[in-house]
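Could you build all of it, start to finish, from the sequences and the hints given here?
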Amino acid sequence: MSSIPALSALRRLRPDRLKELSLVALIALAVIIFGLVVDGYYSGRFFNRVTTSAVIVVILAAAQALVVISRNVDLSVGSTVGVAAYLTADFLQNNSGAHPLIAVLIAVAVGAALGSINGLLVAYGGVPAIIVTLGTLALFRTLVSLYSDGANVTADSLPDWVIELNGSTIVSAGGFDLRTTFAVAIVVILGLQWLLARMRWGRRLYAIGSNPDAAAQAGIPARRLTMWSFVGSGALAGLAGFMFMVRVGTVSATAGSGLELQSVAAAVVGGVSILGGTGTVLGAFLGAILIDTLRLSLVRVPQVSEFWRDAVLGVLVLISVITDSVLTRRLSRRAGSAGVGNRMEASTQAVEPTASTAPSPITTPVGLATREESIDV
Amino acid sequence: MKKYPLTKLLALLAALTLMVAACGDSEESTDAAEETEDTADAAEDTAEDAADTTDDTTEDTMAEQETEDSEAAASGDAVAISGTESITATFLPKCTNIPVFPQANDGAVEAATELGSEEAAFVGPADCGDATGQIEFMTNAVTQGVQAIMVSNNAGDELAPSAQAASDAGIPVVSWDSPIPSAEGESVFVAQVDFDETGQVMADMARNILGDDGGQFAILSATPEAANQNAWIAAMEEVLAVDDYANLELVDTVYGNDVAEDSVDQALALVDSYPDLELIMAPTTVGIVAAAQAITQEGLCDEVKVSGLGLPDEMREYTLSGCAPEFALWSFQDLGYLAYYVAYGLATGQIEAVEGQSFTAGRMGDFTIEADPTRDAGLRVLMGPFTVYNESNVG
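These protein sequences, in sequence, are chains A and Y. Reminder that position 89 of the first sequence reads as 89 in the numbering used here, one-by-one numbering, no gaps. Reminder that position 199 of the second sequence reads as 1199 in the numbering used here, one-by-one numbering, no gaps.
The hints are simulated quantities; they were obtained by calculation from the structure and are not laboratory data. All C-beta atoms in this analysis are idealised placements derived from N, C-alpha and C, irrespective of residue type, glycine included. There could be a bad hint or two in this list.
[Stated by the list, open to error] To give an idea of the interface, some chain Y residues facing chain A are shown, with a C-beta separation under 8 Å as derived from the structure:
| # | residue |
| --- | --- |
| 1 | Asp1212 |
| 2 | Ala1260 |
| 3 | Val1264 |
| 4 | Glu1298 |
| 5 | Asp1302 |
[To be verified] Label-pair ranges, simulated between beta-carbon atoms:
| # | chain 1 | residue 1 | chain 2 | residue 2 | range |
| --- | --- | --- | --- | --- | --- |
| 6 | A | Gly191 | Y | Thr1088 | 18 to 28 Å |
| 7 | Y | Pro1161 | A | Ser172 | 26 to 36 Å |
| 8 | Y | Pro1161 | A | Asp39 | 42 to 52 Å |
| 9 | A | Thr142 | Y | Leu1320 | 28 to 38 Å |
Below, the structure is given as structure tokens:
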């Protein structure tokens, strides 16, 4: 087997990279297959559709990865999107001359403030993240409902740049646009990836998620880091709220509801284990792109009726996750060094990337992803 | 259309129902478009001055919506519903977070104040996607022993058992905006406009926008289960079957579930799937604004127009830009006002839910309860009329 050069190159790759490669392969496969069924599918247009549509979930998947890696979860991101989108839109309708960057800052600050509530309760209150964020999921949503009093902020009352931003393009080649919003999302993803993979702060998050006890013994300030991971997740959800306002134009009090499950699904499909300690932001990004590609493709397949679409999407996501985990395991076995890494060892070293394979991604991601998809998307 | 067999079946069924229950008021609908100037003002008025302006429009409204026979019945013994006591009531919308429902509630509050009654409790699912959530609210209202329930049904016939339980407990159940299809457990349905008229108005707007040479268009609806949207679409398809509309080709019906993001995705998918598409018709206030936004952002306004049922406040931007040259709606505040009057009249025994019962509902004037021609069973009160908005009256 090692006679194939590509495979010997794989040997040098870490499991995380293998996972990401296999997701890229799956996305390519999905695009090829759908292209055979849907007319005019291989076009810049569809690429633009996916990239503009995925921005929100991509940013939220990164937010989710941040907390999930440290063995927490943030179910309040959807409501945070709603609060940030509504407050930002409300600010803009009263201050139409404000610079776009001010609006972004407001959205991010609102998100970070809400995230800090989660962070305080989880890190210093000792309440499990799932309970805290389930509570704030409802709480934040109620706040925006009460604040809005059922009234939408309409596109009419927003500055023109809000509506134009979603269509604005940095470069375009052959119908393939690099939209501004997607470029921002890419920058965010790469920045976070670098932060988590290369900075001490990020490596410590992995350590906490891998083995909290060992992390504590190694002197890692788990509480402070957990707190900041929630602030970060909230800030990213705030940014996603800004993106939501830009994409939809009319912001209601229900803005962003249901996105929390999509973000968990995207992160988990992308290889971020809900058991903590494994996965990458890049993987979460690819997971979001994969799900969104499948979703938007299905909308274009006339043979799949409205009533079946969610079920079909659920099955496709399931198949992807299974294929992905089989592929990842095969590749890492071929690569030789698989399974040697000891999670605890890796985490106590704290600066080393976790070398373990993903802890049986079949069981957890499948359950989550399918349940979410069949309910919501 | 062959892509959605079940949808087609439903539409066919609804169309059949409409044909069987042959009603005579479809001819009045074509002139709804001309009668717009005054009502346009009324529809967008906010709560504080709505009472004054709608007084002027009530005459138009009445002249418009009353058919000859109902006028004869009404002229005799219309009961003027008056405030005799304070009642407790529940005002149950499809969901609380779509602006039209708080607007309807404003009307109900206005009516309650006039009648010296307690404000009805405005409760319901937060999310319109939660179709069966209403059942719980309905059941709770019965347990609390309210004296009247007003509901915009979002749960199809699944709501019927809980509505029946309310009726059995002697509580009048007045549906508004969206009826209980089987009419089980429902006292009377306060219809915003005639469902046939909705189909007619949508077809007329499509023809106005597409021009004499016609073209392809698609429908972007709410959920596949929404009773009112389905009935309107069926009514529109019926109108399209007439020769005058032969040039209009309905290529697809898709559903955005009254969720903004889904509606944006669906609208763009339509544009991609049908390169010759010239119009998206969205009979939902969420869908129409999402479609207009999506088309605007992608710079496709010259190729694809948007129309349907929308709120003037939300659509103004796109109507003035020419992306959504025409759309229609009725006043949700009036609808809530009328629904409260009917519920109050029934709860206090001033009127009965029987065919031919005439009554006067405050500022809105005289109405008559009639057999609902759009359903196999059930009674309705028809409010009407439509206001068609374009750049001249969108404000």
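Status of each hint after checking the structure:
Among the interface hints, the one on Asp1212 of chain Y is violated; its C-beta lies about 29 Å from the nearest C-beta in chain A, farther than the 8 Å criterion. For Ala1260 of chain Y, the interface hint holds, the least distance from its beta-carbon to any beta-carbon of chain A being 4 Å, beneath 8 Å. Evaluation of the Val1264 of chain Y hint against chain A yields a held restraint, the C-beta minimum of about 6 Å falling below 8 Å. For the restraint placing Glu1298 of chain Y at the interface with chain A, the shortest Cβ-Cβ distance is roughly 6 Å, inside the 8 Å limit, so the hint holds.
A hinted interface residue such as Asp1302 of chain Y counts as satisfied when its beta carbon comes closer than 8 Å to some beta carbon of chain A; here the least separation is about 14 Å, so the hint is violated. Take Gly191 of chain A and Thr1088 of chain Y: their Cβ atoms lie about 57 Å apart, and the range 18 to 28 Å is violated. For Pro1161 of chain Y and Ser172 of chain A, the hinted distance range of 26 to 36 Å is not satisfied, since their beta carbons lie about 56 Å from each other. One distance hint, 42 to 52 Å for the beta-carbon pair Pro1161 of chain Y and Asp39 of chain A, holds here, with the actual separation near 46 Å.
The supplied range of 28 to 38 Å is met by Thr142 of chain A and Leu1320 of chain Y, whose beta-carbon atoms lie about 35 Å from each other.
Of the hints listed earlier, those the structure fails to meet are numbers 1, 5, 6, 7, in rising order.
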